[in-house]
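*Asks:* Sequence:
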Amino acid sequence: MATLSNFRLVWNGKIRLLKYYSRCRTKPLYFIHSNRFSSDWNASKVSASLAGGAKTLVLSTGKLAKFADGCAVATLGDTSVMVTSVSKTNVSSNSFLPLVVDYRQKSAAAGRIPTNFLRRELGPSEHEILTSRLVDRSLRPLFPDGYCYETQIMCNILAIDGINSPDVLAINAASASLAVSDIPWNGPVAAVRVGLIDNQILINPTRFEMQKSSLNLIVSATKQNLVVMLDGSANIVYEQDLKKAINSGVKECQGIVQAISKLAELHGKPKRPFEEVIRVDDDLKESIKSLAEIKLRDIFSDTKHDKLSRDNAITDLRNNVLETMKKSVDDADLTAVVEAFGIVSKEIFRSLIFENDTRCDGRKLNELRNIKCEAGLFSPLHGSALFQRGQTQVLCTITLDSIDSALKLDTMSMLTSGIKEKNFFLHYEFPPYATKETGRTGPIGRREMGHGALAERGIRPVLPENYPFTVRLTSEVLESNGSSSMASVCGGSLALLDAGVPISAPVAGVAMGLITKYSETTPKQVEDYKILTDLLGIEDYLGDMDFKIAGTKKGITALQADIKIPGLPTKIVMESLSKAVSAKSQIIGIMNSTLSMPRTGKENMPVTETIEVPVHQRARFLGVGGSNLKKVFVETGVSIHAKDDCNYNIFAPNEMAMKEAREMIDVVLKEEKAPTLEFGGIYTAKVVEIRESGVMVILYPNMNPALLHNAQLDQRMVMHPSALGINVGDELKVKYFGRDPVSGTMRLSRRVLQSTGAPVVKNFTSS
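Residue numbers for the sequence shown follow full-length UniProt numbering, so the first one is 1 and each next one is one higher.
Honestly, the hints are just simulated from the structure, not real lab data. The hints are all genuine.
Listed next, with one range per pair, are the computed distances between beta-carbon atoms: (1) Gln258 x Ile113: 38 to 44 Å; (2) Glu678 x Gly601: 45 to 51 Å; (3) Arg120 x Asp333: 47 to 53 Å; (4) Pro432 x Ile113: 38 to 44 Å; (5) Glu293 x Leu122: 50 to 56 Å; (6) Glu323 x Phe354: 28 to 34 Å; (7) Lys524 x Thr303: 31 to 37 Å.
Straight-line distance between alpha carbons at most 30 Å, and here's what the computed DSS-like set of lysine-lysine pairs gives: (8) Lys735 x Lys670; (9) Lys564 x Lys517; (10) Lys422 x Lys602; (11) Lys422 x Lys631.
Every residue gets a Cβ at the ideal spot worked out from N, C-alpha and C, and that includes glycine.
Full structure from sequences and hints, please.
*Replies:* Written as structure tokens, this is what we have:
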């Protein structure tokens, strides 16, 4: 009987792959026909015009990765990014959305081969992790409440042209992927990059335009001009220019939102129903409220509480409520009780702010916490500072090293960011003890990397452009009760001043919070709101926004807005920005009272110099295999690196080490003063050595012998000097033609003298 190989069928309710049809001929056989898994390429494509029609963003779906719940490809120019969305249908045990976003830059997309030992992509780079966070923060606020199913978004760069950045495309493709899928999601959302060159707004500028731009801002927005996410850096941009850029970005997003909505209409699937993990009915909520409301109001109104005592009081109250519910309700769902307690706590906390216009620590809405600063804590360090704001404490230290210690980026990060290396970088650390917890310490997490990158962007614009050192700023959070990343900006600025780094201006940062109240008639419209200056940890947890702004008194250097509700009107964003600018100026005033100018005269400061070494002395200076440079480094700690053919950079950890290295270099290069030789002059040379290639001669005492090549010995072709009867000690007349520009060796000739008249010979005698 004929056999059928690789045959997919349903057998007793299970999908199996059969090799031989005859083995199952007695079993019922049903062929599977599904349009969902069809091999047909029924692709749908839409486009959106950007920057007034100057650019076109193309979004497509239906051709690639059809097994995924959703897949979309975003293309701008010759850069294409594919994003897939998959969500499990079985509910997870988490009480939050377990969303994972993975963004990977494949070297093949740029026509490159990875340069690591295995020649394949390994773990995610810092740039990939930061871009994954951008996509996550743009998508997460739009998932419905109670959706706790494991969801994974995978962003894969298909092609990159080195002109258009793929990170913004990844956000748009992820939005389209979720929009066409059956995953419950209240999108779409769109994103654009906004640049600023000569006060002109640019939408999705190219990589080359970004090198001239004073602003690098990513705006994510949804329909009705609602802002979902902001992330950017700036070269001290004015407040009004930043507001104009945000408005332009939000407006530009609307066309992309419409295109994604159209794509969902053409190729989208009906959204699947889902079951909430924890159901909190109104009766349970009212029961919890009757038990805990009065005590919760007392806890949130008691300004004597600090972070730990308030948390302990809330925990004790929650445990008491749990015990009461256990006794009063048979088979009580304790998980639902805990969830209901959290909902009631959040409502009461927010209502107190609306009722009293004061916060749980007694501050007014626009009031800063107490700030204390100290610089120069440890004398052996190049720079150090301690910054305390309320119960948030950060220790910042500065280390200065040679320019060769700059951070080198990987090939793909260079292509997408245009940055080859960084001579300033900030490392942010958040140990468990900062929140009185225990935990494992290991590789840096995504959160720490994101906070460190934000603080680094806030400080970078004030550093001098051609600073001769590599600067490493470490920020260790010792206590945390809100806005530790902005405290890192403040502490880092003070540490730079303590290290004597000539920054253009002090930098400070502040986090802004938000409490909103929605209209009962139109639930999706914000009816009232309160903006909170200098965010507390509990206000971040129970609030609707974490908006971080850093900058100088003159302008803004970095910002990041995480919005926890499905979009925020631009009016609230602009008001928050204005209040942050005012608070930032107050903080800088406090910091200036501690240290406002770079310190001078620190004994442990590193020193750098540039020395010129003539080409003919280069071999003596370097030594065999660089032995002289290694000896200087081992004995003094001074490193020497070539700048060009004749100049070398010397880096010393302090002035004393530089002096010692200078003495060693002088000894190596020391030689008796040589007489000045005249180009074209004729001199008497003494033979000191005979070689197969020629003779080694000296023109004056203590001279390093120079080679007179066989080709320059005589008019005739000479294979060996002995053919001319030349011996050691003989004197020859030679003509001087200067030094070789590459090797620095003398260029001498005896042959040219044999065809001329009687030469005038110049002799050198030892005195």
